[in-house]
Amino acid sequence: MREGFNSNVFINCPFDDEYKENLRVIIFTVIHCKFNPLISETKDSGANRLDSIIKLMKSSRLSIHDLSRNVSKKAGEAMRFNMPLELGIDLGLKNSEKIDLKDKVSMVIDVTGKDKNQYFYQKSISDLAGNDLIIYTQSELISLVEAVRNFLYIQKVDEAPDQHTNIWDDYNMFKAEYIENLEIDKLTINRVIQSEYIDIVQGYLDNKSK
Amino acid sequence: MKRSLHISEETKAKIVASAKPDPSKVHVLPRSGGWAVKREGAKKAIRVVKSKTRAGDIAHKMVEEGKFSSVVIHRKDGTFQRGA
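Each protein sequence line maps, in turn, to chains W and R.
Number 377 marks the last residue of the first sequence (the numbering used here); no jumps.
Number 156 marks the last residue of the second sequence (the numbering used here); no jumps.
Here chain R stands alone, though its shape is the one from the complex (with noise of 0.2 Å):
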């Protein structure tokens, strides 16, 4: 049987410490059938789109017109698209 370890003290901080908003991002986030494009914090959805590619467009202007300093895109199984 695979023994279970323990998360350091340090990794949990950060993950809890994650948790506190930043509104200068926009996120790119998995729905069914579709993508959200959602400011980090914000309850609601700023658009929902069928496609990642033109959810990603979405947020990338909004960073060019000045509205989000980052875009952080996710994939659909849950990690991070790194260099998006």
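So that you can see chain W by itself, here it is in the shape it has in the complex (with noise of 0.2 Å):
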């Protein structure tokens, strides 16, 4: 694997049970295709999480920020405002007047849902309009491979990452024998933390490219 800023991977999405599979699903593909994964929770605990989270800014060049968690989804529920505080934040420090921060390269991504489409944001967040928005769905997952899968390729890496659908199958593949060797743990698989989820991947790719 590619160290260091330009492998970089920064992940700013909800961490939420309900969220969780689509986490790990892009974790397993921007391990896939060869680059580093980081969110907030790989890092300690003890420090200011803003603080914690600018840190793993400042070490990626690429980043993917997922906006699903924009409208509350009742009467009264607040809407979670950490996704859309940390994109302006990595906006911010690509248009800061640092010279290697200014080749950072932000995806932003969200779930299909109704009257969610580019129109949404021209209300929402029209600041963000003439940025690229990729929509996947949840209930086709492999959508959400697709999208991060085409994110990193366009990123001028050595090797081209495999197919979209081979990237799936994969992750298929990997999920059975998680699940199933986690159940001698006696452990479900939103129990388990990201950044030990990351480990495992990281193994299981290295040893299936051997």
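There could be a bad hint or two in this list.
[What the hints assert, rightly or not] Here are the simulated DSS-like cross-link-like pairs (lysine-lysine), alpha carbons at most 25 Å apart as the crow flies:
id, chain 1, residue 1, chain 2, residue 2
1, W, Lys342, R, Lys116
2, R, Lys92, W, Lys375
3, W, Lys353, R, Lys86
4, R, Lys133, W, Lys377
5, W, Lys342, R, Lys92
6, R, Lys133, R, Lys148
7, W, Lys187, R, Lys86
Honestly, the hints are just simulated from the structure, not real lab data.
From these two lone chains plus the hints, build me the complex, please.
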């Protein structure tokens, strides 16, 4: 794996149980494409959370921002501002005076939903107009693999990533083994911390390519 | 808040070891709007068909023909369908 700024991908997304499968899919795809995923959970919890996140952003040329929690599901439920806040900070870093951060590239993604298309963003975050927004389908997470894979494909990698269908098949083969083996430790898939999941996926894909 | 537990080193090793492809196995895997029949370790599917039953039939026939030793069927939720 290429270490460092050019190969690091900061992932800004929800961490609730409902989203965890999407995050597992993103992490698997990023590692499969030979990039290095960074999420805020992977750093020490003692430090100020926002400081830790900014540190991760500064060390990542690429970032993936999932804004799918930008509407509340029911009346009175607060929408989540963490993801738009972190996207704003990341865009701010890119536009700062620091030369080495000017190469930063961000991908903004969201799930399909009622009234959720590019016009939704013209209303909710109109300053994002002109930026690519990739919409994926929650019921067909292969569309998320395709979005992430295609984003990474155009980032001047030495070696082109596999087709998204192959990454998706590999994910399903991995996941079946993963779930079955977790049962031995009496663990369910959502109880594993993401940094441990990253280590296992890394080990699995390294062994697969040997 | 639910506590996250650590996976034992033995289990991690088993998961990592399972990555080594066994080309004698053929898998039936969920795809968008269909099912893929694919040799373990291959980059491309042998066939992609709409029905899971049809994909299973194709895979089992290839085992009968001696092209593979066993069929591994997956569910849409990502688990193995055992006893298939």
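Now the hints, each set against the structure:
1. Lys342/W <-> Lys116/R: Given pair Lys342/W, Lys116/R holds - Cα atoms ~19 Å apart, limit 25 Å.
2. Lys92/R <-> Lys375/W: Holds, because 5 Å separates the two Cα atoms, which is no more than 25 Å.
3. Lys353/W <-> Lys86/R: 15 Å, holds
4. Lys133/R <-> Lys377/W: Outside the cut-off at roughly 31 Å; violated.
5. Lys342/W <-> Lys92/R: Judged against 25 Å, a Cα distance of about 14 Å means the pair holds.
6. Lys133/R <-> Lys148/R: Distance ~22 Å between Lys133/R and Lys148/R Cα, so the pair holds.
7. Lys187/W <-> Lys86/R: 23 Å, holds
Of the hints listed earlier, the one the structure fails to meet is number 4.
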